[in-house]
Amino acid sequence: MTTAIVWFRRDLRLADNPALHRAASEHQRVIPVYLHTPKEEIPWQPGAASRWWVHHSLAALDSALQQRGSRLIIRAGDSSLVTLRDLIRETGATGVYWNRLYEPATLNRDRAVKAALRADGLIAESHQAALLIEPWTLLKADETPYQVFTPFWKACLQKLPPAVPLPIPPLPAPDRWPYSLPLTALELLPRIHWDDGLTAAWQPGESSALAQLDWFCESALTGYAKWRDWPGRDGVSRLSPHLHFGELGPRQIWAAATEATDGDPLGDKGAETFLREIGWREFAHYVLYHWPHTPEQPLQERFAAYPWRDEYADLLRAWQRGQTGYPMVDAGMRQLWRTGWMHNRVRMLVASFLIKNCRIPWQEGARWFWDTLVDADLASNTLGWQWTAGCGTDAAPYFRIFNPIRQGEQFDPDGAYVHRWIPELAKLPASAIHQPWTHSTQGNYPAPVVDFAASRAEALAGYERVKAG
DNA sequence: TGAAATGTTGGGGCG
DNA sequence: ACGCCCCAACATTTC
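FYI, our numbering numbers position 271 of the first sequence as 291, with every residue one higher than the one before it.
Just so you know, the hints here were simulated from the structure itself, not pulled from any lab data.
Do not rely on the hints blindly, as some may be mistaken.
Said to hold, decoys possible - Derived DSBU-like pairs: lysine-lysine, alpha-carbon spacing no greater than 35 Å straight-line:
(1) K487 <-> K160
(2) K487 <-> K174
(3) K179 <-> K134
(4) K246 <-> K160
(5) K246 <-> K289
(6) K246 <-> K174
Stated by the list, open to error - Computed spacing ranges between beta-carbons, pair by pair:
(7) G89 <-> N464: 21 to 31 Å
(8) D471 <-> A231: 38 to 48 Å
(9) D162 <-> P327: 31 to 41 Å
(10) D471 <-> L180: 25 to 35 Å
(11) T114 <-> A79: 26 to 36 Å
(12) P181 <-> Q48: 48 to 58 Å
(13) D106 <-> D434: 30 to 40 Å
(14) R138 <-> S45: 15 to 25 Å
(15) T114 <-> Y199: 17 to 27 Å
(16) L159 <-> D471: 18 to 28 Å
(17) Q65 <-> G217: 32 to 42 Å
(18) E207 <-> R131: 24 to 34 Å
(19) P171 <-> G112: 44 to 54 Å
No experiment lies behind these values; they were computed from the predicted model shown.
Beta carbons: idealized from backbone N, C-alpha and C, even for Gly.
Could you build the full structure based on these sequences and the hints that come with them?
Spelled out as structure tokens, the structure:
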């Protein structure tokens with residue numbers, strides 16, 4: 021009779037969990053563990069919205085485990101290795117199993133933990149759960165990494181479809197459970213009560229993740245290509261936070277999309293478009309793995325010389341609070357602040373506005389998203405901001421500057437999205453909703469903080485200065 | 001996974 | 001009826 025520790029991190033699910041599955045098949049007792057190590061030397065610790073999610077997702081995981089005669093052991097400490105060794109000593113476990121994460125610092129930490137545990141004479145195994153393609157397994161013919169999405173995804177598709185998802189294994193309990201901290205001891209929830217909007221918008225946990233996936237495949241998948249750009253409609257999956265915390269994995273998504281399209285997801289316009297978004301998530305992790313400095317530094321070095329605005333505290337605050345005077349931008353920023361999430365079409369728009377029209381460094385936007393998004397993901401956030409800034413891989417040309425009015429007229433023509441998030445503009449007719457300054461009754465909605473045409477010209481002029489570099 | 005400027009086309013009004 | 005112009009609609013180029 022041997023005992024295994026399964027180290028849960030951002031794989032907060034029981035189904036299609038390779039580490040859990042493997043531990044349960046190799047050992048007679050399984051101890052599920054979550055370690056809270058906020059002081060570990062890993063940059064980009066979860067922001068406030070993410071911590072809220074983790075709290076509720078851990079509660080859901082513990083409850084799901086208890087329904088199966090198991091439970092979650094929670095520990096806190098300064099070092100994952102030290103805490104794991106404590107648990108091993110207390111439980112007599114002979115193996116530790118986990119699923120891989122791909123942020124540079126986390127990979128290094130995990131490599132060190134694995135080596136140390138093996139030196140202790142233990143089994144230490146990591147498994148693939150979060151990605152369809154491991155970043156180090158795919159290179160161009162010249163053996164350098166892909167920098168452009170389309171050829172990357174084409175090469176991925178050669179290696180797919182992925183394996184079928186794993187079932188939930190039996191979870192035999194140990195004779196005696198080790199001590200666990202209560203979840204509340206981790207103090208993940210906000211002290212000031214600001215999370216009503218999150219509670220109304222989300223239900224963290226594996227069972228809600230799977231229910232959301234079901235809803236999406238049934239109701240929105242085949243129309244995805246058409247409606248995904250309309251932020252005022254339920255056209256997108258809203259799976260991003262569930263995916264980020266591993267409440268479900270991309271293999272399960274692939275399987276569900278396959279089932280919903282009679283076995284041919286790439287032959288259906290909607291499903292193919294949706295799976296390509298899963299591909300962007302893969303690509304983001306791939307890029308972060310191969311260029312680990314990109315969360316802080318532009319991939320294209322010449323952009324370090326870009327003439328950003330000198331003094332921008334007030335402008336940044338207006339953007340953060342949804343007070344820029346551009347309805348689509350403000351609707352997005354208010355949706356983010358209130359619900360911890362923003363529709364992707366609008367993320368591109370608000371990012372373009374901050375970087376180009378406000379000339380505020382993209383890192384400021386990335387930091388704000390990091391703290392406020394429930395789906396904040398270092399890889400996706402970094403890729404998204406560098407993509408918009410035009411300084412990363414597969415960069416949008418710098419001159420691609422989104423026009424908030426035009427985007428509104430194209431993707432929110434009836435003003436449903438703006439009306440939902442900007443009550444001041446409730447009385448405006450749809451014809452004026454994206455340019456309230458042209459209408460007499462604007463309530464106390466602010467005037468535009470920058471002139472769109474002039475700021476666009478300034479951004480293009482700034483680009484001229486880094487173009488040659 | 002832009003936007004604006006510029007170019008082309010074709011139908012309708014009108015002398 | 002014919003040619004000319006206008007301009008909206010669409011396509012292409014440029015930033």
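To see whether the hints hold, each was checked on the structure:
no.: 1; hint: K487 <-> K160; verdict: holds, 27 Å
no.: 2; hint: K487 <-> K174; verdict: holds, 30 Å
no.: 3; hint: K179 <-> K134; verdict: holds, 28 Å
no.: 4; hint: K246 <-> K160; verdict: holds, 32 Å
no.: 5; hint: K246 <-> K289; verdict: holds, 9 Å
no.: 6; hint: K246 <-> K174; verdict: holds, 22 Å
no.: 7; hint: G89 <-> N464: 21 to 31 Å; verdict: violated, 57 Å
no.: 8; hint: D471 <-> A231: 38 to 48 Å; verdict: holds, 46 Å
no.: 9; hint: D162 <-> P327: 31 to 41 Å; verdict: holds, 35 Å
no.: 10; hint: D471 <-> L180: 25 to 35 Å; verdict: violated, 47 Å
no.: 11; hint: T114 <-> A79: 26 to 36 Å; verdict: holds, 29 Å
no.: 12; hint: P181 <-> Q48: 48 to 58 Å; verdict: violated, 34 Å
no.: 13; hint: D106 <-> D434: 30 to 40 Å; verdict: violated, 58 Å
no.: 14; hint: R138 <-> S45: 15 to 25 Å; verdict: holds, 20 Å
no.: 15; hint: T114 <-> Y199: 17 to 27 Å; verdict: holds, 20 Å
no.: 16; hint: L159 <-> D471: 18 to 28 Å; verdict: violated, 46 Å
no.: 17; hint: Q65 <-> G217: 32 to 42 Å; verdict: violated, 23 Å
no.: 18; hint: E207 <-> R131: 24 to 34 Å; verdict: holds, 29 Å
no.: 19; hint: P171 <-> G112: 44 to 54 Å; verdict: holds, 50 Å
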